[in-house]
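**Q** Listed below are the residues making up each chain.
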Amino acid sequence: MDFIENLGSGTRAGFNKLGRGTHFLIQIFSGVISVLLRPRLLLKQMYSVGVMSFLIITISGLFVGMVLGLQGYYTLSDFGAEETLGVMVAASLVRELGPVVSALLFAGRAGSALTAEIGLMKATEQLSGMEMMAIDPVKRIVTPRFLAGLISMPLLAGLFSAVGIMGGQIVGCGLLGVDEGAYWAQMQSNIDFYDDIINGVIKSIVFGFVTSWIALFEGYDSIPTSEGVSRATTRTVVNSAFTILGLDFILTALMFGDH
Amino acid sequence: MQHTRNQDTLVGLFVASGIAGLFFLAMHVSNLSSFTDEDSYTITAKFENSGGLKVKSPVSAAGVKIGKVTAITFDPKTYKSVVQLSINSKYNTLPDDTTASVFTAGLLGEQYVNLEPGGSDTYLKKGGEIEITQSAIILEKAIGQFLFKSAAEEKK
Chain A
1 MDFIENLGSG
11 TRAGFNKLGR
21 GTHFLIQIFS
31 GVISVLLRPR
41 LLLKQMYSVG
51 VMSFLIITIS
61 GLFVGMVLGL
71 QGYYTLSDFG
81 AEETLGVMVA
91 ASLVRELGPV
101 VSALLFAGRA
111 GSALTAEIGL
121 MKATEQLSGM
131 EMMAIDPVKR
141 IVTPRFLAGL
151 ISMPLLAGLF
161 SAVGIMGGQI
171 VGCGLLGVDE
181 GAYWAQMQSN
191 IDFYDDIING
201 VIKSIVFGFV
211 TSWIALFEGY
221 DSIPTSEGVS
231 RATTRTVVNS
241 AFTILGLDFI
251 LTALMFGDH
Chain B
1001 MQHTRNQDTL
1011 VGLFVASGIA
1021 GLFFLAMHVS
1031 NLSSFTDEDS
1041 YTITAKFENS
1051 GGLKVKSPVS
1061 AAGVKIGKVT
1071 AITFDPKTYK
1081 SVVQLSINSK
1091 YNTLPDDTTA
1101 SVFTAGLLGE
1111 QYVNLEPGGS
1121 DTYLKKGGEI
1131 EITQSAIILE
1141 KAIGQFLFKS
1151 AAEEKK
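From first to last, the protein sequence lines stand for chains A and B.
Residue 1 is where the first sequence starts when you use the working numbering, and the numbers rise one by one after that.
Residue 1001 is where the second sequence starts when you use the working numbering, and the numbers rise one by one after that.
Chain A with its partners taken away, still in its complex shape:
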C-alpha cells in the first residue's frame, strides 16, 4: 500500500514540477524583448556563461579528437582503410560528440554555476528584494542568462568539433602517418553540410535550451537554504545529463533515421 501511495505522490509531484517549469519558461520568454533592448545585461552573461567555458571546451575537444584519431587509426588500419580516418573523426564529432560532450561539459561548468548563483540569490532574499522594488527578477536576472546559454551552446559545440577535427589531424597525419590530403578530401566528400553539420547545430541549440532551462529552474525553485542550494546544483547536473543523452537518442533517430 505504501508503494502505491508513494507512486501517486511521486507522479503528482512530477507533474507539479513540470507545470511550474513550463510556467517559468513562459515567464522567461516574456522577458526576451526587454533583454534585447538592454544588450549589456546579455553581454555580461555571455561572458560568465560562454567565455568562461571556452577553455574547458577547446581543451576537451582537442583531446577527444586526438583520442578518436588514435582509436580510429588502430581499428581502421586493420582493414587497410586509414584514409577514411578523417571521415570517422569528423562524422563522430559533428554528429554526436560535438553537441553531446560539449553540452555535458556546459551543464557541469556553466549550468551548476547558474543554479548556485540563482539559488543563493533566493536564499539571501535578493530576488524578493527586487520584487519589492517592482523589478521582475525573472526578466532582469533569469532571461539574460537563458539567452546567453542558448547563444553560447552552438558556438561552443562548433568550436569543440572544429578543434577536435584538428586534434584528429595532428595525431592521424602528424604522428601516425595518414596522408593529409586523403584525411581532408575523404572528409569533404563524405560529410554533408545539411545532413551532418546543420543537424549537429540544431542538436546543440536544443541542448543549450534544455540545459539552461533546467539550470535556471532548479536554482529558482530551490529550497532557500545552503543544503537546498547544494541539492539543486546536484540535480541540475544529473537531470541535464539525463535529458541531454535521452534527447540525443530521439534527435538522432529523427534526423539520421532515413539513411
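Sample of chain A residues with no beta-carbon within 12 Å of chain B, all distances over it, derived:
(1) Phe3
(2) Gly10
(3) Thr22
(4) Val67
(5) Leu70
(6) Leu127
(7) Arg140
(8) Asp221
(9) Pro224
(10) Thr243
(11) Phe249
When the alpha-carbon atoms are kept at most 25 Å apart in a straight line, the in silico DMTMM-like pairs for lysine to aspartate or glutamate are as follows:
(12) Lys1054(B) x Asp195(A)
(13) Lys1056(B) x Glu180(A)
(14) Lys1065(B) x Asp192(A)
(15) Lys1126(B) x Glu1048(B)
(16) Lys1065(B) x Asp195(A)
(17) Lys44(A) x Asp1008(B)
(18) Lys1046(B) x Asp1121(B)
(19) Lys1056(B) x Glu83(A)
(20) Lys139(A) x Asp1008(B)
Keep in mind the hints are simulated off the structure, nothing from the lab.
Every residue gets a Cβ at the ideal spot worked out from N, C-alpha and C, and that includes glycine.
The hints should help you fit chain B onto chain A, whose structure is shown.
**A** Chain B alone, transformed into the frame defined by chain A:
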C-alpha cells in the same frame, strides 16, 4: 569601466571564434565548398546494372572529378538503369562516343562513374545520351562465374 571594456572584448572574441569554428566546419569539413552549383549540363547513360551507384556519387574522367550523379531511375521498357550525370560546363568537349562505366574506388570504396572519351569529332550536348556503357561488376556474379569455370575445368 575598464573592466567591462575587457569583458566586451572577450565576449567579442568568443563569439568570433565560435562563428569561425562553425564556418570552418561548413567550408573545410563538409562538401559545401564543392557544392557551388556552377553551370553544369545533364547527360544520361543507360546501364544494364548500375550496382551500388548512389545519387551524389562522383563522375570522373581520367581520375579527375568532373561532375556528379543527380538521379538514378529504372526504365520499365528497356529494363535498364537510367543514370543522370551532371557535368561541369567547363568540360563541354566530351565526344559523343564516350564510354561510361561504373567502377569501384578501392576494394571497399564507393562506386563512381568513369567516362572514357572516344575519338568522335562531335561533342555531347545538354540532354545527350551516352550510348556505350559498361555495367558495374557484381562481385557475387564474378565469383559464381569463376567457380563454375573451375568446376568445368576439373571435369575435363
